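Number of protein chains: 2
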Amino acid sequence: MTTENPGSSTRPTVRVTGMFVSLDGYAAGNFVAIEQPFGEAIALTTGFDGRAIHGIDKVPDLTFDNAMTSLWGQGIGVEIMGRGKFGPQTGPWTEDGWRGWWGEEPPFETPVIVLTHHEREPIEFENGTAFHFLDATPAEALARAAELAPGTDVRIGGGPTSVRQFLEADLIDTMHLVIVPVTIGTGKRLLDGDIAPVERFEIDAVTMPSGRTHQLWRTKPRG
Amino acid sequence: MTTENPGSSTRPTVRVTGMFVSLDGYAAGNFVAIEQPFGEAIALTTGFDGRAIHGIDKVPDLTFDNAMTSLWGQGIGVEIMGRGKFGPQTGPWTEDGWRGWWGEEPPFETPVIVLTHHEREPIEFENGTAFHFLDATPAEALARAAELAPGTDVRIGGGPTSVRQFLEADLIDTMHLVIVPVTIGTGKRLLDGDIAPVERFEIDAVTMPSGRTHQLWRTKPRG
Numbered sequence: 114m115t116t117e118n119p120g121s122s123t124r125p126t127v128r129v130t131g132m133f134v135s136l137d138g139y140a141a142g143n144f145v146a147i148e149q150p151f152g153e154a155i156a157l158t159t160g161f162d163g164r165a166i167h168g169i170d171k172v173p174d175l176t177f178d179n180a181m182t183s184l185w186g187q188g189i190g191v192e193i194m195g196r197g198k199f200g201p202q203t204g205p206w207t208e209d210g211w212r213g214w215w216g217e218e219p220p221f222e223t224p225v226i227v228l229t230h231h232e233r234e235p236i237e238f239e240n241g242t243a244f245h246f247l248d249a250t251p252a253e254a255l256a257r258a259a260e261l262a263p264g265t266d267v268r269i270g271g272g273p274t275s276v277r278q279f280l281e282a283d284l285i286d287t288m289h290l291v292i293v294p295v296t297i298g299t300g301k302r303l304l305d306g307d308i309a310p311v312e313r314f315e316i317d318a319v320t321m322p323s324g325r326t327h328q329l330w331r332t333k334p335r336g
Numbered sequence: 114m115t116t117e118n119p120g121s122s123t124r125p126t127v128r129v130t131g132m133f134v135s136l137d138g139y140a141a142g143n144f145v146a147i148e149q150p151f152g153e154a155i156a157l158t159t160g161f162d163g164r165a166i167h168g169i170d171k172v173p174d175l176t177f178d179n180a181m182t183s184l185w186g187q188g189i190g191v192e193i194m195g196r197g198k199f200g201p202q203t204g205p206w207t208e209d210g211w212r213g214w215w216g217e218e219p220p221f222e223t224p225v226i227v228l229t230h231h232e233r234e235p236i237e238f239e240n241g242t243a244f245h246f247l248d249a250t251p252a253e254a255l256a257r258a259a260e261l262a263p264g265t266d267v268r269i270g271g272g273p274t275s276v277r278q279f280l281e282a283d284l285i286d287t288m289h290l291v292i293v294p295v296t297i298g299t300g301k302r303l304l305d306g307d308i309a310p311v312e313r314f315e316i317d318a319v320t321m322p323s324g325r326t327h328q329l330w331r332t333k334p335r336g
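Residue numbers (the numbering used here), protein chains in the order written: chain L, 114 to 336; chain A, 114 to 336.
By construction, these hints were calculated from the structure, which means they are not laboratory data.
Predicted, not measured: the structure shown is a model, and the values here were computed from it.
Hints may contain errors.
FRET-style restraints, in silico, Cβ to Cβ [what the hints assert, rightly or not]: (1) A/P334 / L/D137: 34 to 42 angstroms; (2) A/E232 / L/D283: 54 to 62 angstroms; (3) L/A252 / A/D162: 24 to 32 angstroms; (4) L/E253 / A/E232: 56 to 64 angstroms; (5) L/L304 / A/K333: 37 to 45 angstroms; (6) L/E222 / A/L261: 20 to 28 angstroms; (7) L/A252 / A/W214: 41 to 49 angstroms; (8) L/T250 / A/K333: 47 to 55 angstroms.
Glycine included, every Cβ here is placed at the ideal spot set by N, Cα and C.
Take these sequences, add in the hints, and give me the full structure.
Right under this line is the structure:
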């Protein structure tokens, strides 16, 4: 799909898929380390079968959680992520050989834009994944995404800070959130008082047999 | 996935996806005509957006119903259908030029086995759909499906009579049913007193905001 962006040209549809949020609103930990990419928010992913991102046929169990997870890649040609999702480093890059959390088989299998103030040469993998490092606003990153994968949807992959930047810029069309029934108490919030979702989005919510509540956010028709 | 079939060799995983059933248990009408493939059970598909079978990016609305519909093609390499799903004719085929309900762009885009007592030459389409007409038991049809698309899952596409045949033969691994809140009163039932699902399946059920209840059936571990 493409989306008519009011006041400008057509841009790709922008989606958030399968973002985990705790009951108290946290979507990631504060303290991320190489051994623990989610930091102290690791409880968010307990019981999550990541294989379902590539389709329900890739997991042993046909569950509602897995079915919803399978939305992850549908029609997506490129992901945009924050630097913290790519790695734990901050500041200028060093020659440490880091190629992301995922080894030589990153699950994306598409171009990925990593938002960072420190641009560098792309890192490419045999399975189609290629990390492009870009110092850009959300709108600029979207324009680059459309160049990298014309005619496809764009996934905003997180973490919560980058999702919030796209929300603030009013550049998110749909979101699929998974509200996990755990209380984290500290970490990075998805929403932080700066956005009132009900003004911009229609939100459906269903609690699955696992106890996780899934929310689907759709942009309201613009007047 | 492949499934260990007790007492025999490995066979493909067999799935039913997105099968509509009325509150009173009917999955198709009795009286099917060229103008009305579902017969008097047309109310089952009201409000259904068929484009979602090819992915959530193909529909305008991110809804739970559309998300679940997108399971349809995931990992599927071949469909097996009853003759009534292919066309309204009965008995020996005539030279009437019938190529299915779908025109020159059938949505399957894979081989399709049509179960019929009247075999005939395959009918092929440019988009990858090819109808193969086979007089076979469910187990024989599955063996042929595995030849046509090795290593992929098999979808049993309906109608209800053919799904029930595979259930009776204990050859269904998972089912996704959509219970539509309408009362049809007459037609073809999915279950007809011959099978007790709870003996063989774990069943999760969730009612979506649309009012449709989705059921996911998973085969219980075999002792």
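To see whether the hints hold, each was checked on the structure:
1. A beta carbon spacing of about 36 angstroms between A/P334 and L/D137 agrees with the range 34 to 42 angstroms that was offered as a hint.
2. Between A/E232 and L/D283 the C-beta distance comes to about 59 angstroms, which sits within the given range of 54 to 62 angstroms.
3. A hinted range of 24 to 32 angstroms holds for the C-beta pair L/A252 and A/D162, which are about 30 angstroms apart.
4. About 60 angstroms separates the C-beta atoms of L/E253 and A/E232, a value consistent with the hinted range of 56 to 64 angstroms.
5. A C-beta distance of roughly 41 angstroms is found between L/L304 and A/K333, which places it inside the suggested range of 37 to 45 angstroms.
6. Range check, L/E222 to A/L261: Cβ separation about 26 angstroms, and the 20 to 28 angstroms hint holds.
7. As the Cβ distance of L/A252 to A/W214 is approximately 45 angstroms, the hint placing it in 41 to 49 angstroms holds.
8. One distance hint, 47 to 55 angstroms for the beta-carbon pair L/T250 and A/K333, holds here, with the actual separation near 53 angstroms.
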